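Here are the chains, one letter per residue:
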Amino acid sequence: MRILCALHAHLGLVTALQRFPELHGEPVIVGGAPELRLPVVAASAAARAAGVRPGQPLRQAQQLCPAAAFVPIDPAAVTRLREAVSATLLRLAPAVEVGDDQVFCDISGRHVQHIDEAAWAAAIARALDTALGAGSPAVGMAGSRFVARMAAMRSGPGRIRRVRPAEEATFLAPLPLEVLPIDPAMAARLAAFGLDCLGAVAGLSPADLQRQFGPEGIRLHRLVRGEEIDGLHAEPAAQTWSERLVLAGPVGDLEVLLQAARRCTETLGARLAERGLAAATVRLEYEVEESVPVAVAEVAPAPAGNVAEAWTVVLGLLGRLQPAGPVAAVRVEVGQLGPAGGRQTDLLRPGDSARDAVALAAGRLRARFGEASVRRPRLALDPGDLPERRYVWEAPVVAAAS
Amino acid sequence: MTELLEGAAEVRTNAQGLPVALRTRTGWRRVVELALTWRVETDWWRLPIGRDYMRCLLADGECVDVYRDLHDETWYWTRRYD
Amino acid sequence: MPDSLSAALATLRRRYGPQALRRGDQQEAAERWPTGIPILDGVLMPGGLPRGRITVIAASSSRGPSGRLTLLQSLAALASRSRDVGYVDLAGTLDPGFLADLGADLHACLVLTPGHDRWERGLAMARTLTGAGMPWMGVALGEQDRPRTALWEHALAAFAETVSKRGAVGVIAAPAPLAAPLAHASSLTLTCAAAGWQRAHGDVTGLRVRVTTTKSKVSAPGAEAMLLLRYPRPYAVAEVLGLPSVVAPAITMVDTELMPAAAVAPG
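Residue numbers (this note's numbering), protein chains in the order written: chain A, 2 to 403; chain B, 19 to 100; chain C, 8 to 274.
Hints were generated in silico from the structure; no laboratory data involved.
Being a predicted model, the structure only gives us computed values, none of them experimental.
Careful: at least some of the hints might be erroneous.
Where chain A lies over chain C, by a calculated footprint (3+ residues, C-beta under 8 Å) [to be verified]: (1) 124-134; (2) 165-173.
Just some of the chain C residues that point at chain B, by a computed CB distance under 8 Å [as the list claims (entries may be wrong)]: (3) Arg70; (4) Leu76; (5) Ala98; (6) Asp102; (7) Phe105; (8) Leu113; (9) Ala207; (10) Asp210.
A few chain B residues that don't get close to chain C, going by computed Cβ distances all over 12 Å [said to hold, decoys possible]: (11) Thr44; (12) Asp61; (13) Arg64; (14) Leu65; (15) Gly68; (16) Arg69; (17) Leu75; (18) Ala77; (19) Asp87; (20) Leu88; (21) Asp90.
Ideal placement from N, C-alpha and C gives every residue a C-beta, glycine not left out.
Based on the provided sequences and hints, a complete structural model is requested.
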């Protein structure tokens, strides 16, 4: 696995500066009024230069930087910004984790639009810069989450530091123990043993570390050798969106219903494309006058991520739905949303992504219509003279994921 | 050889046991010619199979293969040519 | 152009796909998939089968053979040598052994069996695999219980749209009479009329078929040719590979002609 880590301005600070643009370049402390007994959430560069650090009491921050502007955090704005950043990055990577001041992206494999890993990382950094408008991030790339973060911390704004595969342990070796995300008591014991850098810890055997620290010792061993397996903590996207159109009066004309479904689909498809998402399922519902609604749903042949793809699925559903009476409203619903541009089969090259996609689609059809609905024939090894024995049926093989 | 059929066939036979008419999806059709006949005997070591295959040209222009099971004297569809 | 006419044209394009309408003096530019069979690529469909379009192989008569299924299977077998092929078997009668005899690479073939005469489901399944990237999709419609048009025409439109979007080859073998939505959706319609069985040593070895380009949006319609659809002997793949399984006879055949469609056997 390859992971990219980008360190950027805290989302709370970015939203504060979006709200009060006149504070750009000024010392700004996010967290609330200084008289509140709350910690500093984020601080601008000018405030940090004065010694302000996240986690400090606001009152202490005021003493360090009396000229700073104190701004409360706006959780709703932060959530919106986080979603926007996530949608932007999901167009570039199959899995994304957006934190308050750092993002992680899965950059395993290759992206068809970028010649190599560095170009791919540069594209992600540019996208993040554009989405936040808060300066270029510091980027690191490595085979694990921890090493990628360390690489980013030893990079700089607008720079990318790459740790090549198998070089993780070498990169980590000279780093001090303070960088380890472990219990301080554990770090103190390591220091007490005379260990002063990660390389020294990596030199110990896993058995020794386990004897001293139990299961945490094994984790520590993996961590200092760049072999930790803690991947991305990607958040699931919203599961369902729907669009409902109330008709001017109950209608039975299929052409009108088609137009209504089209309008709903256009709205949803545009939203999917804008957010970089794709729907695995599509559902069409008619609200029938003086009767229960009728609906039909389908697993999309390939996740639908724009108007055209969604309309292809809805068009198929329209033919299957026969309203028993005049229809009062039409609803189109898209479900099981996931990243669109980040589908791994679309991103990876080389590899027969089309064939993999066909095999996966065939698997979905078999799950829906039965094992015998999609098969691959093979000539029998010993067919004899009976025509029905000349061949056997096999399940289509889905290629192993890279 | 384009369609592989299965299932029992309704067949009228002459005194020699050869088909003279078959019931197709559009009704009874006269067999105007037996283009080919051949016998298949296999699986003698487990459950023996014996079949007399016949390629029939029908009066409506169809060409079909049927076989008679030698054990139960039942007729079955095999193929329809298109 | 009046607004109402523009709206009507837009509706037709939405419903039947972007290829549904064109100006009378224009032929659509379409990429081709050459079959490698001279009589097809040179006469009946110059350049080969159109990609991103629906091609219909239609039977001319509902009685007797037409050759539509053998022609579809021959084309599918040819395609399977260079790409993945999907085959929707609505009658459930496909013989993979025969497909292999025609030279097909069975490893490249996926057979979809939606259920007897489930046209709508079959077309939806074809769309699914085409949308996922299947480059060549054949659909063999059954002839017995033809479902009501309303049940499957949307599925057909969706399939046509997906074929167009993915630039795939979509070939539908349809029974006679040709259903109106199929006639509309088709960019190229080849109509097959059987002209007699090919015989050798008393046996039936093939079917002679007169094929006419009855509709073409991608070239001039009206082309006509006589094809010989050979039934290769079972297990004779090596023999077939060197020769096209669809050939134009060099001379007029005078073997057994098809019988007139009367002569019902005594009841």
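Quick one: which hint numbers does this structure break? Sort them smallest to largest. Numbers 8, 9, 11, 17, 18 - these are the hints that the structure violates, sorted from lowest upward.
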